[in-house]
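Enquirer: Sequence:
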Amino acid sequence: METFQSQLTRKLSEALAAAGFPPGGEVSPATDPRFGDYQSNTALILGKKRGENPRKIAEAIVANLAVAEIFERPSVAGAGFINFTLKREAVEKKIAELLRDERLGVEKVSSPRKIVVDFGSPNVAKPMHVGHIRSTFLGDALARIAQFLGHDVIRDNHIGDWGTQFGMVIWGWKNLLDLESLKRDPVAELVRIYKATNERGTKEEAVREAARAELVKLQAGDPENYSIWKQCVDLSMQEFSKAYELLDIHYDIVRGESFYNDRLPAVVDRLLKSGLAEMSEGAVCVFFRDIPELADKPCIIRKRDGGYNYATTDLATMDYRINDLKANAIWYVVGAPQILHFKQIFAIARREGYVADFHHVSFGSILGADRKLMKTRSGENVPLQDLIEEGMTRARAIIAEKNPELVESERNEIAKVIGIGAIKYADLSQYRMTDYIFSWDKMLSLHGNTAPYLQNAYVRIRSIFRKAGAVSLPQAPVLGEPAEFNLAKRLCQFAEIVPQVLNDFRPNILANYLFELANSFHTFYEACPVLKADEPVRASRLALCDLTGRVLQRGLKLLGIDVPEKM
RNA sequence: GCGCCCGUAGCUCAGCCGGAUAGAGCAACGGAUUUCUAAUCCGUCGGUCGGGUGUUCGAGUCACCCCGGGCGCGCCA
2 METFQSQLTR
12 KLSEALAAAG
22 FPPGGEVSPA
32 TDPRFGDYQS
42 NTALILGKKR
52 GENPRKIAEA
62 IVANLAVAEI
72 FERPSVAGAG
82 FINFTLKREA
92 VEKKIAELLR
102 DERLGVEKVS
112 SPRKIVVDFG
122 SPNVAKPMHV
132 GHIRSTFLGD
142 ALARIAQFLG
152 HDVIRDNHIG
162 DWGTQFGMVI
172 WGWKNLLDLE
182 SLKRDPVAEL
192 VRIYKATNER
202 GTKEEAVREA
212 ARAELVKLQA
222 GDPENYSIWK
232 QCVDLSMQEF
242 SKAYELLDIH
252 YDIVRGESFY
262 NDRLPAVVDR
272 LLKSGLAEMS
282 EGAVCVFFRD
292 IPELADKPCI
302 IRKRDGGYNY
312 ATTDLATMDY
322 RINDLKANAI
332 WYVVGAPQIL
342 HFKQIFAIAR
352 REGYVADFHH
362 VSFGSILGAD
372 RKLMKTRSGE
382 NVPLQDLIEE
392 GMTRARAIIA
402 EKNPELVESE
412 RNEIAKVIGI
422 GAIKYADLSQ
432 YRMTDYIFSW
442 DKMLSLHGNT
452 APYLQNAYVR
462 IRSIFRKAGA
472 VSLPQAPVLG
482 EPAEFNLAKR
492 LCQFAEIVPQ
502 VLNDFRPNIL
512 ANYLFELANS
522 FHTFYEACPV
532 LKADEPVRAS
542 RLALCDLTGR
552 VLQRGLKLLG
562 IDVPEKM
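So for the first sequence, our numbering puts the first residue at 2; every next one is plus one.
In case anyone wonders, no lab produced these hints; they're calculated from the structure.
One or more hints might be untrue.
[As the list claims (entries may be wrong)] Here are the computed distance ranges between Cβ atoms for each label pair:
# : residue 1 : residue 2 : range
1 : E390      : E73       : 53 to 59 Å
2 : R89       : E390      : 47 to 53 Å
3 : A370      : H251      : 39 to 45 Å
4 : E53       : G132      : 52 to 58 Å
Note that the Cβ used here is the ideal one computed from N, Cα and C, for glycine as well.
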């Protein structure tokens, strides 16, 4: 189903051709309701290019526009803008179509791609914490949206399961492990033995040495150490899975760093052989002498001691994704501090001749109320588990206060949906590059651009339908009231907004749209009684409610957020 | 020293490819409720878009230079 915007863009291009101009031209939503619903500045651009009067060009375009079925007569305004105002009948017809459309008007892309989305990537033997949530939520939302648009998406959890920390973890396992604690809270015990070993290592040279030796043994394939390592990975994955279950995050594959171990030497050999890499001070490096920005920032792919590092693993990973998984796009949802790293990796990949659409989807940090990186009072990363629990607890308290009739099981389920939704939405509704200040009060507020506000709009709709009894939705609604017309036009925009998210990886565009939709709905709700209205208005309004509910539900789901039936 | 990101209302933030008089929410103030969930809605107040120069018919948006904050820069990931 074509959107108004793409229909208009097509018509505009035809009009340009008919008027003797090169086809093309862009249409955007009107910047102000006074200018109608859509606008085009094509005449201004053409006027500039040809040195002609833009208003005259605009008149010529308008004379050739065949859009009478959808729009009122286009008007030329200002310096040469062409303004378009939707006809009521056109919107009524479109709503009728949307009511029957499972996809709510969103078309699938014409050329789907195979996209690996690399997000989350927690470290084994450490708890997931606040630092993981942006990557996890952002990556999950982008994957959901890409999938909905028809792409072939592979969600890959590139877990940190092969760091140098395993020397200490293994030494701690052999010397300090408390089996009871391990059974009770595995990751906590792994953290404890790691910390304890680290502490002793700072004082005792022998411990430091022993830990290093354990690491060497692990890397050499020692069966005992391998078995310990494997248990650490398994225990950690079990814990991650619990959190993912709660958060409704799902991966297609989990290829941690260890997966690429035996592929690392080949990466270095290949780069040395091709001359892209060279020896420097004992290490193998790639230099970027012809790229000014990277000229003085070489990338080490094999350390002087012969060990491999992050860059080597990422190069092997890219090779695997492109040659084995046959991906033609890779999205790395990783924080902004690693911008330089990915510039290097992508530069190397391009030189090697890999063709794929690489993107580092970077993002800013989550700050505490003090505007510094969010930490616990003792200065540690806030565990994800604690964050989720607090979100649910706070949501439960608010629900208990606002809606005491709910039974406890209902209340707990709703608290989960609202608490987790609030945390996710707070993240996704913000432009990803900006650092944001984490605030429970703001994200759980029923006012403003928050998950509970959107969820509440949905709940109001469900409440109407519970009272309405059996309804049959009409073929075409009547949009007599301004609030109805506005809401309907907003509903038509969903299909225009969703694909835009992937232009620059901005789920906040979708969040923003949903907020405006909820706003339009609430205005409609105040102005237009639904159940008390006479037919056919009643049925028409029920149809608007139904469609609004479905768009809200679908839109939030694309952000990874659920909706409750009551709250 | 080099590089990247950010700087928009008192606070928290939107403003993608340059478009018309820069928008929300919170806070403040004033209204609306015999309710389909007021968990809401309507209105008022609030701005040298960090500063400057330039490109353009047109700059919050692009270029360059400053200022402020954050982050990163061969052997961590």
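Enquirer: If you check each hint against the structure, which ones fail?
Expert: Failing hint: just 3.
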